[in-house]
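Enquirer: Note that the protein sequences, when read in sequence, are chains C and V.
Take 0 as the starting number for the first sequence in numbering that gives the first Met the number 0 and just add one per residue.
Take 0 as the starting number for the second sequence in numbering that gives the first Met the number 0 and just add one per residue.
In short, the hints are calculated from the structure, not lab data.
Since the model is a prediction, treat every value here as computed from it, not as a measurement.
C-beta: ideal position from N, C-alpha, C; glycine also.
A portion of the hints provided could be inaccurate.
[Unchecked claim] Computed footprint of chain V on chain C, listed as stretches where at least three residues anywhere in the stretch have a Cβ under 8 Å from a Cβ of chain V:
#	stretch
1	298–306
2	319–326
[Claimed, not checked] Taking beta-carbon pairs under 8 Å as the criterion, some of the chain V residues facing chain C (in silico):
#	residue
3	39
4	43
5	75
6	79
7	85
8	105
9	114
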Amino acid sequence: MIEAELSRSVRRWCKGATGATSAAKLSGGASQETWRFDITHPDGAIGAILRRSPKGYGAAPTRAAGLAAEAQLMQLAFDAGVPSPRVLHVLVPEDDLGTGFIMQRIEGETIARKILRDDDYAAARPRLARQIGGILAGLHRLPMDKLPELRSRGATQEIAEFDRDYRSLNWPKPVFELALRWLRDHDPGPSAETTLVHGDFRNGNLIIGADGVRAVLDWELAHLGDPMEDLGWVCVNSWRFGEIDKPVGGFGSREELFAGYEAAGRKVDPARVKFWEVMGTLRWGIMCGGMMQRFRDGPDHSMERAMIGRRASETEIDLLRLLAPRGS
Amino acid sequence: MQDEPTPIELTRSVADFLRNDITPLISGHQAFKLRVAINILDLVTRQMTREKGSDAAEVERLRALLGVDGSITDLNRALAERIAKGEVDLATPGLAEHLWATTMDKLAVDQPNYASYKREQRRGG
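Next comes chain V alone, as it looks inside the complex:
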């Protein structure tokens, strides 16, 4: 077991330092790059916070949908193949719900301010 603060807390402290103390000092293209850097740290923080839970739920849905077991990558590969072959489609019970839930979990990490995501979130998560 590693000591604390946790990676989430450490990453957040760096992002806050860049945001609050460095941003006011920088302008032009470097300011744009700094904003990208801060966005990356924020994304990493969100992923570390959420990934374990969302991956577990995704694996559970994939197992139910496919009737097989495996790693999250293997299961996604298997689902992709079945869709490509036409064995699974939007008429398959649970597919649309699974894709929506998985995609919403990704947006929550990648881009929680994306307008489509915010709209769908209001629709009920």
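Chain C extracted, bound-state conformation:
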């Protein structure tokens, strides 16, 4: 049982801790294993979260920043006032828990559909698009000289990489080909400014409470690049969860997002944002193809993974809506 390993681990690094209880695997979060548990402590239980990468999971190794980098980024974000959990411990081999880290548990909701439907968040929802703009501005301003080592990716390299990923699937998809052509034809080239890019900033990777965004999660795909990438990705239709007329995560408009970003002192380039939205839509489609491949060939033969393979067509219709819209 994982509680035995967790108990041994917390006693080593959490002063006064006597053990760990109530460990439960949380569902949601497709690429990594997340557990919640409580650290038993004489001053009262401490809510904690374990993020770890079991074998066979996670993004392609070339894209993942690594969980150590993820922990470092979350701590940097926390220090800079970007909503983020405090990192409590980075796993070491003697923890016998795999690779990853343990962080403070922040109460709130991550399940996108609940955030978009439940009354608890009704007051927060209309403010979220603008708030997200401000958070992204803070994130893009994290000091470059303090960042861990991260891969660097511009638009041109991303197109080439997705082209290669798509072709490696050997899965002829005319709509994806059309999108790749469009991306090549609209490649904006290197951005004037290179910043930290979160890489997976979207509804579903945010902890939301009645008061708004409480934490930004899942920094696994962080890299250096065009900050407009994050603004495009948060608008990808797959992350609107049915609220398709509210591009920013199903919460609100691009105008609100941009206003929040610019109010925090950073500039938006809407054409680049659109480019990254198309790129992001294709990216999720190709990831769905990767899930299909891993289901078929890899160690994860789960039904969930199989069904994600069947979600590629959602991105095809969204690409057509972006690139070949029918009579308005």
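With chain C held as given, fit chain V onto it using these hints.
Expert: Just chain V, lined up with the frame of chain C:
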């Protein structure tokens, strides 16, 4: 010729059993997995119901568009190659209509509740 009930009827009966009789008994992560399982059976049922007709229409459109014959996989591969080479694009008569029709047929099987699909369906199928 195989006997009846048909695969569609058999699959549907399993999905209905899981949905109506088993779902109320299960909670937590297993309930989530059960829902995925039911979704899979429903998808399979939709595909078995629709695939023959939609594939035939797709092949017909591809033949007209490409001026060649072949299996549905070969024709899709050929179209993908021509788009990649820039020989066919959205200015090519029939391409946008073909991609829309094909994609709508896929969504009808994969995810008929997807909001973009429902919106486009109201626009006229």
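Enquirer: Which of the listed hints are broken here?
Expert: 4
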